[in-house]
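Now for the letters of each chain:
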Amino acid sequence: GAVVSQHPSRVICKSGTSVKIECRSLDFQATTMFWYRQFPKKSLMLMATSNEGSKATYEQGVEKDKFLINHASLTLSTLTVTSAHPEDSSFYICSARELRENTGELFFGEGSRLTVL
Amino acid sequence: GQNIDQPTEMTATEGAIVQINCTYQTSGFNGLFWYQQHAGEAPTFLSYNVLDGLEEKGRFSSFLSRSKGYSYLLLKELQMKDSASYLCAVGSGGYNKLIFGAGTRLAVHP
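Chain order of the listed sequences is A and B. Mind the numbering: the first sequence is residues 1 to 117 in our numbering, read in order. Mind the numbering: the second sequence is residues 1001 to 1110 in our numbering, read in order.
Because the hints were derived from the structure by calculation, they are not lab data. Just so you know, not all the hints are guaranteed correct.
[What the hints assert, rightly or not] To give an idea of the chain B side of the interface with chain A (calculated C-beta under 8 angstroms), a few residues:
1. ALA1042
2. PRO1043
3. TYR1048
4. LEU1087
5. TYR1095
6. LYS1097
7. LEU1098
8. GLY1101
9. ALA1102
10. GLY1103
Note that beta-carbon positions come from the ideal geometry of N, C-alpha and C, so glycine has one too.
Sequences and hints are given; from them, build the entire structure.
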């Protein structure tokens, strides 16, 4: 199946710093990627839909200035957590679907665990 | 609004059959997905239903009734490794984004 890779898998940072997480589709092109957040023992909460070449679409309650999303190419989307605080500590997961494929399986990255001290 | 309900926890015995139910009310519907997630790992795809009926794939089967807003995931011949969270998700909207339920934590006992 298709492969989605996230980096870094784990990151620890100090409060007030910014952290960038990369999401790459390794063997397919994706015009749309999705960013999710997951708290311990909770389900995935959709944060935003990342569109190649245009602005991301954020879900209600998600601060777009806090969570900057850039979809620079058909294989790369980045999520930057700006001025991180301890409450931003979470498991962030990206997912992607193949180009022009609007139905069917969504492929997930391995996830990135962020800990803000 | 979006509402996806599934039981929080279930337990079952190794070798048995378990059915995990999911009901949904969403503003759009492009299909229903089931994913398996082990603790600390990303979700892995199990099944996808867009038409009513039963889809069988090995030990796992998934059923959908669009008129009732209902789906279930059936796991047969349970193995210890099946202990995981099972996530029901509905595809919705122009980008067919997936909206997830809270997940069902399944514990399989010997």
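Checked hints:
1. ALA1042: holds (4 angstroms)
2. PRO1043: holds (5 angstroms)
3. TYR1048: holds (6 angstroms)
4. LEU1087: Since the shortest Cβ distance to chain A is 6 angstroms, the answer is holds.
5. TYR1095: holds (5 angstroms)
6. LYS1097: holds (6 angstroms)
7. LEU1098: holds (6 angstroms)
8. GLY1101: holds (6 angstroms)
9. ALA1102: holds (5 angstroms)
10. GLY1103: holds (4 angstroms)
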